[in-house]
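S.K.: Go ahead and model the full structure; you've got the sequences and the hints to work with.
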Amino acid sequence: MLTNADFLALAGEPGKFQAKINMRPRYIDADACTACGLCTQYCPKHQVDDYNEGLALTRPIHIDYAQAVPATYYIDPASCLHLQHDTCQICVPVCQSHAINFKQQPEERILEVGAVILSPGFGKIDTKVLEKFSYGKHPDVVTAFEYERMTTASGPFMGEIKCFSDGRHPRSMAFIQCVGSRDIGCNNGYCSSVCCMYAIKEALVTKEHDPEVDITIYYMDIRTQGKDFDAARERAEAIGIKFVRARVAGVTPWDKSLKLTYSTFDGQHKFVSHDLVVLSVGLESPKDAAKISQLTGVALNKYDFCATETFQPLQTSREGIIVAGAFQGPKDIPESVTQSSGAAALAAAVLRDQRGKGVVLKTYPDEQQVTPDDEVRVGVFVCHCGINISSVVDVADVAKYAGGMEGVTYYTESLYSCSQDAQEVLKQKIKEHKLNRVVIAACSPRTHEPLFQETLKDAGLNRNLFEMVNIRDQCSWVHANEPAAATDKSRDLVRMAVAKARHIQPLAEQTVPVTPRALILGGGVAGMTAALTLADQGYPSVLVEQGAQIGGNLQNLNYTLAGDQVAQHLKGLVDRIKKSKEIEVITNAELLQTAGFVGNFSSIIESGKGKTKKEQTVDHGVIVVATGGHEHRPDKYLLGQSKKVMTQMEFEKQLTGRAKNRAPGSIVMIQCAGSRGDDLSYCSKVCCNHALKNILKVKAINPDSQIIVLYRDMRAYGMAEDAYLEARKMGVVFIPYEVDRKPEVSQKSHQVQVSFFDSIMQEEVIMAPDLVVLSVGIVPDGTEKLSKLLKLPVTANNFFLEAHVKLRPVEMAVSGVYVCGLAHGPKPVDETIVQAQAAAAKAAIPLVKGFVTVDPIISCVDQDQCIGCGLCTSLCPYGAIEMKKVDKKRKAETITASCKACGICASHCPTFAISMGGFTNEQLISQIEAFGDRPKDMVEVA
Amino acid sequence: MGKAMNHREGSVMVLGGGIAGIQAALDLTELGYYVYLVEKSPAVGGVMAQLDKTFPTNDCSL
Amino acid sequence: MSDKQFNPRILGFLCNWCCYAAADAAGISRFQYPPNLRTIRVMCTGRVDPSFVLRGFIEGADAIFTGG
Chain V
12 MLTNADFLAL AGEPGKFQAK INMRPRYIDA DACTACGLCT QYCPKHQVDD
62 YNEGLALTRP IHIDYAQAVP ATYYIDPASC LHLQHDTCQI CVPVCQSHAI
112 NFKQQPEERI LEVGAVILSP GFGKIDTKVL EKFSYGKHPD VVTAFEYERM
162 TTASGPFMGE IKCFSDGRHP RSMAFIQCVG SRDIGCNNGY CSSVCCMYAI
212 KEALVTKEHD PEVDITIYYM DIRTQGKDFD AARERAEAIG IKFVRARVAG
262 VTPWDKSLKL TYSTFDGQHK FVSHDLVVLS VGLESPKDAA KISQLTGVAL
312 NKYDFCATET FQPLQTSREG IIVAGAFQGP KDIPESVTQS SGAAALAAAV
362 LRDQRGKGVV LKTYPDEQQV TPDDEVRVGV FVCHCGINIS SVVDVADVAK
412 YAGGMEGVTY YTESLYSCSQ DAQEVLKQKI KEHKLNRVVI AACSPRTHEP
462 LFQETLKDAG LNRNLFEMVN IRDQCSWVHA NEPAAATDKS RDLVRMAVAK
512 ARHIQPLAEQ TVPVTPRALI LGGGVAGMTA ALTLADQGYP SVLVEQGAQI
562 GGNLQNLNYT LAGDQVAQHL KGLVDRIKKS KEIEVITNAE LLQTAGFVGN
612 FSSIIESGKG KTKKEQTVDH GVIVVATGGH EHRPDKYLLG QSKKVMTQME
662 FEKQLTGRAK NRAPGSIVMI QCAGSRGDDL SYCSKVCCNH ALKNILKVKA
712 INPDSQIIVL YRDMRAYGMA EDAYLEARKM GVVFIPYEVD RKPEVSQKSH
762 QVQVSFFDSI MQEEVIMAPD LVVLSVGIVP DGTEKLSKLL KLPVTANNFF
812 LEAHVKLRPV EMAVSGVYVC GLAHGPKPVD ETIVQAQAAA AKAAIPLVKG
862 FVTVDPIISC VDQDQCIGCG LCTSLCPYGA IEMKKVDKKR KAETITASCK
912 ACGICASHCP TFAISMGGFT NEQLISQIEA FGDRPKDMVE VA
Chain Y
27 MGKAMNHREG SVMVLGGGIA GIQAALDLTE LGYYVYLVEK SPAVGGVMAQ
77 LDKTFPTNDC SL
Chain B
665 MSDKQFNPRI LGFLCNWCCY AAADAAGISR FQYPPNLRTI RVMCTGRVDP
715 SFVLRGFIEG ADAIFTGG
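Chains as they are written, first to last, in our numbering: chain V, 12 to 953; chain Y, 27 to 88; chain B, 665 to 732.
Hints are computed from structural coordinates only; laboratory data are not their basis. Mixed in with the good hints there might be a few duds.
Computed far set for chain V versus chain B, every beta-carbon distance over 10 angstroms [unchecked claim]: (1) Ala41; (2) Ile121; (3) Thr458; (4) Leu666; (5) Met741; (6) Lys759; (7) Asp781; (8) Ile868; (9) Glu940; (10) Gly943.
Derived pair list, reagent style SDA-like, types lysine to any residue, alpha-carbon separation capped at 25 angstroms [claimed, not checked]: (11) V/Lys27 with Y/Leu52; (12) Y/Lys66 with V/Ala67; (13) V/Lys759 with V/Arg644; (14) V/Lys708 with V/Met741; (15) V/Lys625 with V/Met741; (16) V/Lys759 with Y/Ser67; (17) V/Lys368 with Y/Ser67; (18) V/Lys911 with B/Ala685; (19) V/Lys56 with Y/Ser67; (20) V/Lys373 with Y/Thr55; (21) V/Lys267 with V/Glu223; (22) V/Lys218 with B/Pro699; (23) V/Lys281 with V/Thr321; (24) V/Lys817 with B/Ala690.
Quantities reported herein were computed from a predicted structural model and do not represent experimental measurements. Heads up, the beta-carbon is just placed ideally off N, CA and C, and yes, glycines get one too.
M.R.: Spelled out as structure tokens, the structure:
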């Protein structure tokens, strides 16, 4: 990790690049600095704090935030008195660890690397663009980035929202969307794709802080096209956040507040006053984009983002250089994370022969022996989680209460117990107080247990000597209005956890080798890309396709919005698959059964039909689910009943044909036909762009064609906004409709009639176009069946649910299973390709390791007590207990690799011979006892 | 990742230490490659470290 | 205290993979429910020995909830 470093030059070629880096001095010795913060307290000079968006002051010697990595302070040479004027040096004697070193010099380093990934992020909109909204003139106009810091509990105002002008709490607030985006005035014609989401988030957070505040979001289109994003918008509307479709002309100071002038789509001009105005500023290409392009030779697009192609979304114009994140185009966190994993896979392919040659394996200290005879020393750590927990639960009270329990030798609170510095504190306290059990009361063990267990290992403690109490997801968040009861519940849960912790014993780690092969379900673009990406890294896979040939939905597409010829790319993919020695394709095939676990799956595949039907068993280490989806055909709008009504996909086929009147003179397109609150509750993300793509094609064939698009929100996010603008310039009419006033399609003699309410003219309109084209949604294929087969969770809309929406977007909760493409959610082809590359990167991780560690929470049979009745063997749903002859007697034995830790065997064993690691009878009984063991003074609170 | 020789076989430079760069670096490390994560500011984390909560689940972003 | 509303104490056994996950999901979407439940996480409700349920009643639970 090289921080405070500038990239200067790049020479060489793929596999052998030389990068020149300039390491600027921190003036602090990173190894000596303990991040105690004493230096900042003594530093006499003030400077504006950029980390807090200039909303606070800091000193030249500082650290941006407590959880920063590396946790080393640094001196800003631009404002330090010593470095500027050769005076001061107060910090030098103050620092107890003698870490300050003004003699540090810049250091140039040449890095020899095989591949380069560009992830420089995004730039911010020039403040000049914001001036018409009185930004810089009136203190109560802030950008969304500044507002983010204002709402943050660990921010400069501890999350208290105030107007800067006079410190009052705002009663009414406005969010103005598309500031510096979709605005050709500042040469940012594109849509920034994230602002709608963050505005809704910030509005929801504001309501959490103060339910009384009145919030209006002024927008042109709400583009919450991501997976399950519409639901958040509906939640925002439900709690009273107002959405006004309008273009804001300007903001001017008005008395004590601000006057906002806007025009609505029906041509009215209005003005309204707000106390605080938040500008939803867009994302720009990074400020140093031109320099990066010059140094590396990668091409940029017209908006200075890195230029890439639909079918190679992460490949820059220069081989060996890969792009990820917002530099590739504005995007949100999950998509950035997905791109990064995809980029890792591509870089790994460039360097496949050098894998493992330069890495250093992490080592852990020797494990401290803990025996049942040792004194129990429990440490309890109660987390504030910013304000997520502490705004409801009295954290100090819970921690103090824990301190009085039997066996507890240490207790404390922490602001974010998952942060890097908190891990250091945890390690230190384990050593200092000789703790041999750790209880953390914070969020869910389902997400954070592995993190803390890793820290335990680092501290030389067996990772099972740990128990987590969920006082956030299952307490503060769900009892937000009952602080006393929530505190009481937290006390109870902590008491139960400590009781269990007293009985926890260390468990030995077990490892099992991995079968280095992937099973990929679905032979569409997602499955094919995943297979090829794995093959490029050197791993074989079996590709299972339900249909007669591979290709999936790409077979129905002809061209893309960017102008790519789909058939050509599809042929390229299929040819590569056929040539690859690493990929075995099974068509007309279906997965019947899967057993095993990450690293050691075994599946039965049925293929062929009739007489050629056969079953085969495939052993594999990982599974990539790429089962795809298909067009949803709503049973309305005369679809399938009239030849004059068709879907966008059918229309695309017609347009690429040769028929004379394939692009008729009058066309009405209906967006969200069957989606967003109709048959399907969600947005399918691709339909708006699909409509735009076909519109431009129609106009190319028949420029005189009159096209009307009836829409809810045109979600032409990212660079597709250019196509939306182009369509409008060509005279295509876009008319929004409300969900409670949907357009209707009816048959009248030979004509098809569309009736709708024109919200621009404010009147009912009936038209008889030559053609009605429906933008229908996407539904997943067979996720219900597969979810039962592989025990994978699905969302309410039947798409597969990823392990973590933000940080683990292609992994499933079941380890060793990864998801990509339409099976995960509706998305266009470039995003599908990236996701498949990311899934292939994640799937390769266990294959690279070569072994997996089995969670030691599995069952264990005490063969002395076992009477060989076989009850457990017959009950085990995973076939993970077998009967063996031991000294001529029948005894049960667990098959380590297959056990899922369900515990059915343990609860049915008549002689209590089976115990479950981490969930022994003793531990659970003590937890139940602690449930009943309530101190008397607490009874009244409940 | 620590201090390192300037030439190691199988290494990748990741330019930019925001969430994208960090994720790429972590995945590459797990895939068996040595990574130089080059960041111009004094700490990695990028913009995500400035965020309070994330959409749509409002989880803490740090 | 005679007019005090019945305020049961409920002990719950939640399966890590489904009910516990659902309880987390309820939190993520800020779904509000009464604070009368105290939970014990198990890897599967198959782990719940009938004696655990009886033990719960002995310890003063008004109701036992198993979710899996």
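S.K.: Taking the hints in turn, state whether each one holds.
M.R.: Now for the hints, and whether the structure bears them out:
1. Ala41: holds, 37 angstroms
2. Ile121: Its Cβ never comes within 10 angstroms of chain B, the nearest being 47 angstroms, so this holds.
3. Thr458: The claim is violated: V/Thr458 sits with its nearest Cβ about 8 angstroms from chain B, within 10 angstroms.
4. Leu666: holds, 42 angstroms
5. Met741: Holds, because the least Cβ-Cβ distance between V/Met741 and chain B comes to about 43 angstroms, which exceeds 10 angstroms.
6. Lys759: Correct as stated: the minimum Cβ-Cβ distance to chain B is 46 angstroms, above 10 angstroms.
7. Asp781: Holds, because the least Cβ-Cβ distance between V/Asp781 and chain B comes to about 46 angstroms, which exceeds 10 angstroms.
8. Ile868: Label violated. Min Cβ-Cβ 6 angstroms, cutoff 10 angstroms.
9. Glu940: Not fine: 6 angstroms to the nearest Cβ puts V/Glu940 too close to chain B.
10. Gly943: Its Cβ does come within 10 angstroms of chain B, the nearest being 3 angstroms, so this is violated.
11. V/Lys27 with Y/Leu52: holds, 22 angstroms
12. Y/Lys66 with V/Ala67: holds, 22 angstroms
13. V/Lys759 with V/Arg644: holds, 22 angstroms
14. V/Lys708 with V/Met741: With Cα atoms ~12 angstroms apart, V/Lys708 and V/Met741 stay inside 25 angstroms; holds.
15. V/Lys625 with V/Met741: Judged against 25 angstroms, a Cα distance of about 56 angstroms means the pair is violated.
16. V/Lys759 with Y/Ser67: Not satisfied, since the Cα-Cα distance of roughly 67 angstroms exceeds 25 angstroms.
17. V/Lys368 with Y/Ser67: Roughly 29 angstroms between the alpha carbons, so the hint for V/Lys368 and Y/Ser67 is violated.
18. V/Lys911 with B/Ala685: Judged against 25 angstroms, a Cα distance of about 17 angstroms means the pair holds.
19. V/Lys56 with Y/Ser67: Holds, because 21 angstroms separates the two Cα atoms, which is no more than 25 angstroms.
20. V/Lys373 with Y/Thr55: The given pair, whose Cα atoms are some 11 angstroms apart, holds under the 25 angstroms limit.
21. V/Lys267 with V/Glu223: holds, 20 angstroms
22. V/Lys218 with B/Pro699: holds, 23 angstroms
23. V/Lys281 with V/Thr321: violated, 42 angstroms
24. V/Lys817 with B/Ala690: Roughly 18 angstroms between the alpha carbons, so the hint for V/Lys817 and B/Ala690 holds.
In this structure, the hints that do not hold are numbers 3, 8, 9, 10, 15, 16, 17 and 23, in rising order.
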